[in-house]
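Student: As given, the protein sequences belong to chains A, B and C, one line each in that order.
Here full-length UniProt numbering is used: position 169 in the first sequence is 169, and no number is missing along the way.
Here full-length UniProt numbering is used: position 279 in the second sequence is 279, and no number is missing along the way.
Here full-length UniProt numbering is used: position 258 in the third sequence is 258, and no number is missing along the way.
Source of the hints: derived by calculation from the structure; they are not laboratory data.
Cβ atoms here follow ideal geometry from the backbone N, Cα and C, with glycine treated the same way.
Careful: at least some of the hints might be erroneous.
Claimed, not checked - Each pair of labels, with its calculated beta carbon distance range:
1. A:R76 with B:A201: 30 to 40 Å
2. C:T182 with B:A201: 28 to 38 Å
3. B:T181 with A:I13: 56 to 66 Å
4. B:A201 with A:T234: 32 to 42 Å
5. B:T181 with C:P269: 24 to 34 Å
6. A:L152 with B:R203: 30 to 40 Å
7. B:T181 with C:G199: 41 to 51 Å
8. B:R184 with C:K171: 29 to 39 Å
9. A:I13 with B:R203: 27 to 37 Å
Unchecked claim - Here are the simulated SDA-like cross-link-like pairs (lysine to any residue), alpha carbons at most 20 Å apart as the crow flies:
10. C:K124 with A:F105
11. C:K124 with A:V219
12. B:K25 with A:M222
13. B:K282 with A:P126
14. B:K282 with A:T136
15. C:K63 with A:T136
16. C:K85 with A:T136
17. A:K223 with C:T100
18. A:K125 with C:P17
19. A:K223 with C:K85
20. B:K282 with C:Q96
21. B:K115 with A:S10
22. A:K125 with C:P59
23. C:K301 with C:G281
24. C:K148 with A:T136
25. A:K223 with C:K8
26. A:K223 with C:S123
27. A:K223 with C:P17
28. C:K8 with C:A62
The residues making up each chain are set out below.
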Amino acid sequence: MKSRLKAVRSRLIQLIVLLGTISTTLFLLLRISGDPAVLIAGEGASPETIDAIRADYGFDRSLIVQYLIFIWDIIRLDFGVSLVNAQPALGFVLDYLPSTLTLTFLAIFFNTILAIPAGVWLGAKPGQRRRRVLSTIVSVAQGTPAYVIALLLIQIFAVWFTVLPSIAGTGTWAWVLPTATLTFALSPNLIRVVAASIEETTAQDYFRTAKANGASPSVLLMKHSLPNALLSTTSLLGAQFAFLLSGALITEFIFAWPGLGLILVQSITNLDFPTIQATVFVVAYLVFFVNLILDQIFRFADPRLRKSQV
Amino acid sequence: MKKVPTLFTRRDVMRKTSTSPLILKISAATLAFLFLVAIFQNFLYTVDPAFSDLDKRLLGPSIGGPWLGTDPLGQDVFSRVIAGFRWSLGIGTIGTLIGVFIGLTLGIGAAWSRKRMRVVLSRIIDIGISFPYLIIAVTIVTVVGRGFWPLALTLGLVCWPTIARVVYAETLTLREREFVTAARLFGIGSFTSIFTHILPALRPTIQVVTAFTFADLLIAESGLSFLGLGAPLGTPTWGNMLNDSRTYMAEAPWMMLGPVIAIIVTIFAANLLGEGLNAREKAKSGRVSQ
Amino acid sequence: MSKAIEVKNLQVSFPTPNGYSAVVRGIDLTIKPGERIAIVGESGSGKTMLGLSMLGIQPSSAKVTGEVIIGDVDMVSANDATARKLRGNYISMVFQEPLTSLNPVRTISSQLSESVRRHNKMSKAEAEDRVLEILTSVGIPAPKERMKSYPHQLSGGLRQRVMIALALINKPALVVADEPTTALDATIQAQILDLLRSGMGDAALMLITHDLAVAADVCNRIVVMYAGNIVEQGPVAEILGNPRHPYTRGLLNAIPKFDKARPPLMPIPGSPPTITEVVSGCRFASRCSYADSQCTASEPKFVDNLACFHPVVGVSQ
Numbered sequence: 001m002k003s004r005l006k007a008v009r010s011r012l013i014q015l016i017v018l019l020g021t022i023s024t025t026l027f028l029l030l031r032i033s034g035d036p037a038v039l040i041a042g043e044g045a046s047p048e049t050i051d052a053i054r055a056d057y058g059f060d061r062s063l064i065v066q067y068l069i070f071i072w073d074i075i076r077l078d079f080g081v082s083l084v085n086a087q088p089a090l091g092f093v094l095d096y097l098p099s100t101l102t103l104t105f106l107a108i109f110f111n112t113i114l115a116i117p118a119g120v121w122l123g124a125k126p127g128q129r130r131r132r133v134l135s136t137i138v139s140v141a142q143g144t145p146a147y148v149i150a151l152l153l154i155q156i157f158a159v160w161f162t163v164l165p166s167i168a169g170t171g172t173w174a175w176v177l178p179t180a181t182l183t184f185a186l187s188p189n190l191i192r193v194v195a196a197s198i199e200e201t202t203a204q205d206y207f208r209t210a211k212a213n214g215a216s217p218s219v220l221l222m223k224h225s226l227p228n229a230l231l232s233t234t235s236l237l238g239a240q241f242a243f244l245l246s247g248a249l250i251t252e253f254i255f256a257w258p259g260l261g262l263i264l265v266q267s268i269t270n271l272d273f274p275t276i277q278a279t280v281f282v283v284a285y286l287v288f289f290v291n292l293i294l295d296q297i298f299r300f301a302d303p304r305l306r307k308s309q310v
Numbered sequence: 001m002k003k004v005p006t007l008f009t010r011r012d013v014m015r016k017t018s019t020s021p022l023i024l025k026i027s028a029a030t031l032a033f034l035f036l037v038a039i040f041q042n043f044l045y046t047v048d049p050a051f052s053d054l055d056k057r058l059l060g061p062s063i064g065g066p067w068l069g070t071d072p073l074g075q076d077v078f079s080r081v082i083a084g085f086r087w088s089l090g091i092g093t094i095g096t097l098i099g100v101f102i103g104l105t106l107g108i109g110a111a112w113s114r115k116r117m118r119v120v121l122s123r124i125i126d127i128g129i130s131f132p133y134l135i136i137a138v139t140i141v142t143v144v145g146r147g148f149w150p151l152a153l154t155l156g157l158v159c160w161p162t163i164a165r166v167v168y169a170e171t172l173t174l175r176e177r178e179f180v181t182a183a184r185l186f187g188i189g190s191f192t193s194i195f196t197h198i199l200p201a202l203r204p205t206i207q208v209v210t211a212f213t214f215a216d217l218l219i220a221e222s223g224l225s226f227l228g229l230g231a232p233l234g235t236p237t238w239g240n241m242l243n244d245s246r247t248y249m250a251e252a253p254w255m256m257l258g259p260v261i262a263i264i265v266t267i268f269a270a271n272l273l274g275e276g277l278n279a280r281e282k283a284k285s286g287r288v289s290q
Numbered sequence: 001m002s003k004a005i006e007v008k009n010l011q012v013s014f015p016t017p018n019g020y021s022a023v024v025r026g027i028d029l030t031i032k033p034g035e036r037i038a039i040v041g042e043s044g045s046g047k048t049m050l051g052l053s054m055l056g057i058q059p060s061s062a063k064v065t066g067e068v069i070i071g072d073v074d075m076v077s078a079n080d081a082t083a084r085k086l087r088g089n090y091i092s093m094v095f096q097e098p099l100t101s102l103n104p105v106r107t108i109s110s111q112l113s114e115s116v117r118r119h120n121k122m123s124k125a126e127a128e129d130r131v132l133e134i135l136t137s138v139g140i141p142a143p144k145e146r147m148k149s150y151p152h153q154l155s156g157g158l159r160q161r162v163m164i165a166l167a168l169i170n171k172p173a174l175v176v177a178d179e180p181t182t183a184l185d186a187t188i189q190a191q192i193l194d195l196l197r198s199g200m201g202d203a204a205l206m207l208i209t210h211d212l213a214v215a216a217d218v219c220n221r222i223v224v225m226y227a228g229n230i231v232e233q234g235p236v237a238e239i240l241g242n243p244r245h246p247y248t249r250g251l252l253n254a255i256p257k258f259d260k261a262r263p264p265l266m267p268i269p270g271s272p273p274t275i276t277e278v279v280s281g282c283r284f285a286s287r288c289s290y291a292d293s294q295c296t297a298s299e300p301k302f303v304d305n306l307a308c309f310h311p312v313v314g315v316s317q
C-alpha cells in the first residue's frame, strides 16, 4: 500500500512540475507576443477599450504580480475566456472532449485487435524469410506521417469511390476514415513492439525450461511468451493514448473533427492563449490519470510488482 | 518499491530488431543524394518554383510538359517539390544538430553528476519527455513569426528530451564499465574521461539517435506546415503544397503526388538509416552463445 | 523404464567463419537406470552443450549428429512431436539460475501442473495433487501455500527445489542438472546437493559441474570432459584416488584440501582452445607438462576409460 501511494505521489509531483512549466512558458510567450491587451481586445479596438482591458486583466501591474495572479487563477482552474468566442475557455474545451475521447478509444481498440495478433505472428518465428520481409515493411510503414495516410484514404474512398464521407458530422460513417487513419498510423509501432517482445521472450531462461519440459510451439507462444510480452505492450498503449489526445491534431484538422486537436490548431493560429492553456491542461490531466490507471494495471498483471508474500 | 517498467519508445524497440547492412547502404546513399538535390536545387528546376503562369493552371503530369503537373496558380509542382528539399532538409539538419547538442550535454551531464544533481537533471529529462513540445513549439513560432529560422531553432530547442534520455541511459552503463572506472582510479579528470572514453563509446548511439531525430523533425516540420502553422503561406514546402492540394483532390489529385513521394522517401531513408546503424551496432556487440 | 540411456558418437557443431566447428566432439556415454554420474570440466568444455543436445534443445544454429537413445527412441533423429513427448517425461533438466528459469508471471503450481497434464491424462485436481506430492517430496515447507506463490516470492534455495520438482514431476529416467548449485549460497548448496544425492527417486542423475568436490559428493561415477572430449571416466573412488589423466590430476590439485599435509594449490596453466582454434593432436597438450611430440602429432583414442598417451602413475596427493 505504501509503495502504491509513493507511486501516485511521484506522478503527482511530476504533473505539478509539468503544468507549472507549461503555464510559465505560455505566460512568457503571451507577454513577448506584444501587448496582451491589444491581443485580447482584437484589431481595431478603441484605446479606451484597450485601457479598460489592461486594467481589468491587471496588465498594468508589475510582471511578478501578473505572474502570481496568473498562477492563482490557474490553481482555481480559471483559465479566462476564449479570445475568439468569449466563452470560458475550460468549459469550451470540455465540450469538445467527448468527441476526441471517442476517437481515441476507437483508434486504440482497432489498433489493439489488429496489431497484437500481427505482432505475435511476426515475433513467433522472426527468422522466417516471409516474416522478415513483412517486418521490414512494417518498420518502413512506421514512419508514414498520419496526414499522408489520411490524404490517401480520402482520395481513394471519398473522392474516387465516394463511398465514405471525409468530413465530421455526417453520421456514423464519418467515423470510419479518421479511425482508420489513426489505426494505420499507430499500428506499425505496436506491431513492432509486440513482435520484438515476443522475440525477446524466446531467449529467456523460462522459455528454455518450458521447452525442456516438452512444451509445444503453441503452448510456448500462448502460455509463456504472450503473458510476458503483453506486459511491455500495455505501456506502449498508454503512450499511444497520450499521443492521441493531443497528437491527433493533424487527423482532426483534416477531417474537421470537432475535438481537442482542432481546438488547439485554431487557438494557436489565433494566439488564443486561454484556450491553448485550457486544452494543454485538460490533456495533461487525462494523461496523468491514464498513467495512474496503467500503473495499477501493471501491478495487477505483473506479480513481481505486487506485495511480496514472503 | 520495484521499478515500474518505463514507457516503450520507438527507439527502445529499434534496438531489439535487426536490419541487413544492405539497407544501411541504400538508405545512406538515398539520403546523400537527397542532400545533393537540396544543395544543387537551382540546377534542377525546370521552371522557377515561384513563377506563376496563369495560362497553365492545374495541368496534369506529362512526360514532356510539367513532370508533376501544375498547381492552381500555374506553378510547376516538380520545381516546387525540389525547392521543398532545401527547406525540409535544412530545418531537419539544423534542428537535429541543436537537439543532439542539448540532449548530449544534458544526458552526459545527468549521468556523470552525483546524487542530488543527478536526480534534478534526470527529473528535468523525465518532465521534458512528457512535455507537449510540439504545441509549445508551434505557439513559439506563431508568436515570433513563421519562417525557416524560427522553425529550425524552435524545433531544435524542443526535440532534445528523447535524445537526452537515450544518452543518459547509455552513459550510465558506460560509466560502470571497466575502462572508465580504471580511468577514474588513475585520477583522470572528468572532462578528459568524457572526451577520451565516453564520447567515442557513445558515437554509435549518437549516430542512431541523430538519424531518428532527423526523421522525426521532418515529420514535425511538414506536419506543421500542413496545418498552416509552420512555413509562411505560399512558400514552396511539402506541407504547404499538401495543404493546397486538399482543395483540389477531385480536379487535380496529382498535386499531392510529388510532395507525398518526397516526404515518404526522405523519412523512410532517415528511419532506415537509423535502423541500419543500429543493426550494425547490434551485430558488432552481439555475443556468440556458448 | 529400466533401460540405460545411451549417447553414441554425439557431435555438436556451430557455424564459424571457417565452416562448422565442434564443441562436443563425438561423445559415447551410457547412463544406467538410477545411476548418478557427474560431467566435470572447465567452462567451454562442451559439458552444457552435451546436456542441452541430449534433450534436443540446443541453440537453433547448432548442428547435432550421432545418437541419444532414450527407451526405443533416438532423440537426435526423432521428429519434433516425438521429441516433445520425451522431454520433461523421460528426460528433464534443471538449470543453473532458478529465478530466471521459472516463468515470472505464472504461479508455481500452474507451471508444474502444465507439465504434468501435458504428459499424463489427468484432471486439474489430480494434477494439483501430484504437484503437492512432488513439492513435499523435494522438501518444500508449507507446500500448499507455496503452490500459489510466484517465483520471485521464494528464496533461491526454494526456487531451485521447485526446479528440481519440475524436473522430477513426471518420474523421468534421467535428470540433467546443469550447475544447479552455482547460483546459490554455500549453506543452501549443501541442502540442494543432499536432495540431488538422495531425493531423486528412481531417476538417474547427470550432474554437470566444474567442481570435482561437488561431483564426488553427489555421484557414483565421474566423467571428465576437456574441450569437447571425454578424457577420463571411472567410479568416484578411482578418479579421486588414482587419477590417470594429467588434466584430471590438475583439476584435483586445484581443489583446496583441509587435511594435515596440505599441498599447495596448483592451478592448471593456460586455458582450453577456443571454438575457432585449430588444434592438432591431443587438445590438452599445450597445457600439459607430460606432453611430447607424440601428443602434438596425433590425438589419443579413448581406450580403457582414458584418452592419454602418458597416463600418470602413482597415488594422488
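Student: Indicate, hint by hint, whether the structure satisfies it.
Tutor: Status of the hints after comparison with the structure:
Checked against the given bound of 30 to 40 Å, the beta carbons of R76 (chain A) and A201 (chain B), roughly 51 Å apart, lie outside it. At about 31 Å, the beta-carbon gap between T182 (chain C) and A201 (chain B) stays in the expected band of 28 to 38 Å. For T181 (chain B) and I13 (chain A), the Cβ-Cβ distance of about 33 Å falls outside the hinted range of 56 to 66 Å, so the restraint is violated. Checked against the hint of 32 to 42 Å, the C-beta distance between A201 (chain B) and T234 (chain A) comes to roughly 33 Å, which is consistent with it.
The hint said 24 to 34 Å for the Cβ distance between T181 (chain B) and P269 (chain C), and at roughly 29 Å that hint holds. Distance hint check for L152 (chain A) and R203 (chain B): the Cβ-Cβ separation is about 38 Å, which falls inside the suggested range of 30 to 40 Å. The hinted range of 41 to 51 Å is satisfied by T181 (chain B) and G199 (chain C), whose Cβ atoms lie roughly 44 Å apart. Restraint check, R184 (chain B) to K171 (chain C): a C-beta distance of roughly 56 Å breaks the suggested window 29 to 39 Å.
Taking 27 to 37 Å as the suggested C-beta distance range, the pair I13 (chain A) and R203 (chain B) conforms, at roughly 35 Å. The straight-line distance between the Cα atoms of K124 (chain C) and F105 (chain A) is roughly 38 Å, outside the 20 Å bound, and the hint therefore fails. Among the hinted pairs, K124 (chain C) with V219 (chain A) is consistent with the structure: their alpha-carbon atoms are about 17 Å apart, no more than 20 Å. About 38 Å separates the Cα atoms of K25 (chain B) and M222 (chain A), which puts this hinted pair outside 20 Å; it is violated.
Between K282 (chain B) and P126 (chain A) the CA atoms are separated by roughly 16 Å; this keeps the pair inside 20 Å, and the hint holds. For the hint linking K282 (chain B) to T136 (chain A), the alpha-carbon distance of about 17 Å falls within 20 Å, and the restraint holds. For the hint pairing K63 (chain C) with T136 (chain A), the CA-to-CA distance comes to about 29 Å; that exceeds 20 Å, so the pair is violated. Distance hint between K85 (chain C) and T136 (chain A) is unfulfilled; the C-alpha atoms sit about 36 Å from each other, more than 20 Å.
At most 20 Å may separate the alpha-carbon atoms for a hinted pair to count; K223 (chain A) and T100 (chain C) meet this at roughly 16 Å. Between K125 (chain A) and P17 (chain C), the direct Cα distance comes to roughly 25 Å. Violation of the 20 Å bound is thereby established for this hinted pair. Between K223 (chain A) and K85 (chain C), the direct Cα distance comes to roughly 18 Å. Compliance with the 20 Å bound is thereby established for this hinted pair. About 27 Å separates the Cα atoms of K282 (chain B) and Q96 (chain C), which puts this hinted pair outside 20 Å; it is violated.
Using a Cα cut-off of 20 Å, the hinted pair K115 (chain B) and S10 (chain A) holds, with the two alpha carbons roughly 18 Å apart. Proximity of K125 (chain A) to P59 (chain C) is assessed by CA-CA distance (about 14 Å); at most 20 Å being required, the pair is judged to hold. Among the hinted pairs, K301 (chain C) with G281 (chain C) is consistent with the structure: their alpha-carbon atoms are about 10 Å apart, no more than 20 Å. Restraint check: the Cα-Cα separation between K148 (chain C) and T136 (chain A) comes to about 42 Å, which exceeds 20 Å; the hinted pair is violated.
With a CA separation close to 35 Å, the supplied pair K223 (chain A) and K8 (chain C) exceeds the 20 Å bound. At roughly 19 Å between alpha-carbon atoms, K223 (chain A) and S123 (chain C) fall within 20 Å of each other, so this suggested pair holds. About 37 Å separates the Cα atoms of K223 (chain A) and P17 (chain C), which puts this hinted pair outside 20 Å; it is violated. Using a Cα cut-off of 20 Å, the hinted pair K8 (chain C) and A62 (chain C) holds, with the two alpha carbons roughly 18 Å apart.
Hint compliance for this structure: hints 1, 3, 8, 10, 12, 15, 16, 18, 20, 24, 25 and 27 are not met, and every other hint is.
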